[in-house]
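Student: Mind docking chain B on chain A? Use the hints.
Protein chains: 2
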Amino acid sequence: MDILQEVTAIAKKAKDAARHVASISTEQKNSVLHSVNRLLQNKKSFLQKENEKDLQEAKKQNLSNALIDRLTLSDNVLEAMASGLDDVAGLPDPVGEVNRMWRRPNGILVGKLRIPLGVIGMIYESRPNVTIDAAALCLKSGNAVILRGGREAINSNLALAAVMQEALADNKIPGAAVQVVPTVDRNAVREMLKLKDYIDVIITRGGESLIKMVYENSRIPVIAHYKGVCHVYIDETAEPGMAENIALNSKIQRPGVCNAMETLLVHKKFAERHLASLINRFRNAGVSIKGCEKTCAMADGIEKATEEDWHKEYLDMILSVRIVESMEEAIRHIACYGSRHTESIVTSSYDKSGQFLNEVDSSVVLVNASTRFNDGNQLGLGAEIGISTSKLHSFGPMGLKELTTCKFIVYGSGQVRE
Amino acid sequence: MDILQEVTAIAKKAKDAARHVASISTEQKNSVLHSVNRLLQNKKSFLQKENEKDLQEAKKQNLSNALIDRLTLSDNVLEAMASGLDDVAGLPDPVGEVNRMWRRPNGILVGKLRIPLGVIGMIYESRPNVTIDAAALCLKSGNAVILRGGREAINSNLALAAVMQEALADNKIPGAAVQVVPTVDRNAVREMLKLKDYIDVIITRGGESLIKMVYENSRIPVIAHYKGVCHVYIDETAEPGMAENIALNSKIQRPGVCNAMETLLVHKKFAERHLASLINRFRNAGVSIKGCEKTCAMADGIEKATEEDWHKEYLDMILSVRIVESMEEAIRHIACYGSRHTESIVTSSYDKSGQFLNEVDSSVVLVNASTRFNDGNQLGLGAEIGISTSKLHSFGPMGLKELTTCKFIVYGSGQVRE
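Each protein sequence line maps, in turn, to chains A and B.
Each position in the first sequence, counted from 1, maps to that position plus 520 in our numbering.
Each position in the second sequence, counted from 1, maps to that position plus 520 in our numbering.
Isolated chain A (complex conformation) (with noise of 0.2 Å):
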């Protein structure tokens, strides 16, 4: 069997297990979830023996120590996995829910049925806990989903996989409501991205290139969760402490995530007063600043940041610094070298507080809160499958809601058009 014959057998069985899982009751996703939950722990040993097979290689091949931190299934990691299965039951099912109906002159009565998305492609890379809680809400939110992870850790995602089927068997629920491309063949990736008579959706998380190739290949509509070079922009009206505290949070609460900060914007009256000891608490914290000219001026050994700094997703100890001359500077700053995904003002004007909110075009935009928040349980959608920073369908955190739709529903009693 070549590889489109492959892919195309799994999308299909993903086909027919989305129509059975579109209509099972809440309990019984919950009672599959709660099974993970348990054999997550019964086969701890057999999940590590088979995450280790991943870390050797990822030894062998010389991978970041990083990299191989995310890897790991650590007895940490598993537990945080379980607990987050038990979070995922908790949550109320979006699935049937009807928010008003209306009735129309002629007597219909109209309304909007919550239903599936029925087959969903996530396609993403290495961290092996992925693959449950992805797997976990595509459940809960009845549709099938087909995972793609990265090759490192394909070892460990056909573990957790198999731990999977046991828990749907358990359940009497069709075992292709979740499966693993079990191949680490890329071509797979690029076959999956055509078959778009059987996948309804596919969803990203990634590396730039890996997005990229989504894009340029796919025939399926795609919901990217692209880079987060986000900003925190002080105004000359901020209180000094809390813009600190914000700039600080934003930067080094965990550097290595998407909506961490990457470029600090400061008004020019807030940055002659307050930049320079700024600068010295980020120094302190081990964060290395590149900036514009002019904070160039404010302190020694802080590097020119060049035209590529500001468009870059750092996910690292090092921020870029411009000083603005005015809020609109910050906002068309923003407009040209941000992703779209997470900006933050720190102001106490009522005035730009507004003007922020409405003018800047991301998927979060916040006042007076760090960017952090910028997360699908920090936000109160109790869970995500990802940041979206496409507008279409879902822009921001995507909750068990986002990976649903709706249909029209129409009540008559015999209506007919004049």
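Treat the hints with care, as some may be off.
[Unchecked claim] Which stretches of chain B does chain A cover? Using the computed rule of at least three CB atoms under 8 Å from a CB of chain A, they are:
1) 825-835
2) 916-928
[Said to hold, decoys possible] Under the rule of at most 20 Å between Cα atoms (straight-line distance), these lysine to any residue pairs were calculated in the SDA-like manner:
3) A/Lys-532 with B/Ala-855
4) A/Lys-927 with B/Arg-852
5) A/Lys-872 with B/Lys-921
6) A/Lys-832 with A/Glu-728
7) A/Lys-788 with A/Leu-768
8) A/Lys-569 with A/Lys-580
9) B/Lys-788 with B/Ala-819
10) B/Lys-632 with B/Asp-606
11) B/Lys-921 with A/Met-621
12) B/Lys-732 with A/Tyr-735
13) A/Lys-533 with B/Cys-856
[As the list claims (entries may be wrong)] Non-contacting residues of chain A with respect to chain B, defined by C-beta distances greater than 12 Å in every case (computed):
14) Ser-543
15) Lys-563
16) Gly-610
17) Glu-686
18) Gly-806
19) Ile-838
20) Asp-871
21) Val-880
Hints are computed from structural coordinates only; laboratory data are not their basis.
Small disclaimer: the values here were computed from a predicted structure and weren't measured.
All C-beta atoms in this analysis are idealised placements derived from N, C-alpha and C, irrespective of residue type, glycine included.
Tutor: Structure of chain B alone, referenced to chain A:
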């Protein structure tokens, strides 16, 4: 300037204009719509003279009378366009709405703010009235739009574009908010479909080959308005008079449109008692019938439907008829041959109405009402840019709200992540 440069210049200007139209007031947008309305009347002779060029060319090319009819900017068509503009002006502006906000335990206040999509690329076939309808809906929802109609309507579309340019200028809004691609070169569409840095979504309405071409070439998310192979299923429990009215209305009230019925599915018990007379009524109305074997046995001279016929969108006075053993068989037939557009059941059974509404995977599912109600106006959305048969972002008729998305906004008071 080659065609890629030309289309890229249009798209760049649209992106700049999109930032402007996203923030103009409802009054300004309505004022443009009223200006277009006035100009359609004042410039009637200019519009009809330009339209005449297209009609002459169409006659030279021996296009069908139906097509020529759809091309014609008659007084009636122009009046309907004008009153459509008033309707759109009268609809509530979806931009800026925040449905609800919620406070998180740390005190941040979170909400979703409705915003325009940005730049919409609209690719459609021959009817020039779509040019005005689509432009009005895109503008009212705060988007910039690039319109690419059929080559047959190019002179009419450019004349309508000139009218809209004048209306925009009168209201001091950038002309790039509404642009018509000024060339019939087919490569213009292919190039346009690559410009994902400038165009946020492609909406396409037209025949199978157009939709296929768009899907195959687009790097931009596509919302497709694909064919409607719509079904009415008459259950054994149907009230006969109601069933006949709904079946007839669904087919013959306007057979050339996407929400007209193409296939009638009849429970065998209803068929035994009533199908022969229903077929007679269809034939008296001028509809030719293609039937399954059992249907063919019911009356003389019924052509046998082929496998291909069950997939067909006739858009004509032709109807496929199949007798089924059960509602489940009808639902399976729809899943196999339907296009997820519109399906209706006629039944007096409470249980069956619920099962049909839940299990049929179409953009509009009706009980005891004509398929012809799948329409933005009929369902109460006010107006529609088309009917999406793809599930992502919007499924079913797309009104103003479906031309927008939401971003998260957060009001904080200094919160950072622990």
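Student: Each hint needs a verdict: does it hold in this structure or not?
Tutor: We went through each hint and held it up to the structure:
no.: 1; hint: 825-835; verdict: violated (count 0)
no.: 2; hint: 916-928; verdict: holds (count 6)
no.: 3; hint: A/Lys-532 with B/Ala-855; verdict: holds (14 Å)
no.: 4; hint: A/Lys-927 with B/Arg-852; verdict: holds (18 Å)
no.: 5; hint: A/Lys-872 with B/Lys-921; verdict: violated (27 Å)
no.: 6; hint: A/Lys-832 with A/Glu-728; verdict: holds (11 Å)
no.: 7; hint: A/Lys-788 with A/Leu-768; verdict: holds (19 Å)
no.: 8; hint: A/Lys-569 with A/Lys-580; verdict: holds (17 Å)
no.: 9; hint: B/Lys-788 with B/Ala-819; verdict: holds (15 Å)
no.: 10; hint: B/Lys-632 with B/Asp-606; verdict: violated (29 Å)
no.: 11; hint: B/Lys-921 with A/Met-621; verdict: holds (17 Å)
no.: 12; hint: B/Lys-732 with A/Tyr-735; verdict: holds (17 Å)
no.: 13; hint: A/Lys-533 with B/Cys-856; verdict: holds (15 Å)
no.: 14; hint: Ser-543; verdict: violated (7 Å)
no.: 15; hint: Lys-563; verdict: holds (33 Å)
no.: 16; hint: Gly-610; verdict: holds (16 Å)
no.: 17; hint: Glu-686; verdict: holds (29 Å)
no.: 18; hint: Gly-806; verdict: holds (18 Å)
no.: 19; hint: Ile-838; verdict: holds (20 Å)
no.: 20; hint: Asp-871; verdict: holds (14 Å)
no.: 21; hint: Val-880; verdict: violated (9 Å)
Going through the hint list in order, the structure does not satisfy hints 1, 5, 10, 14 and 21.
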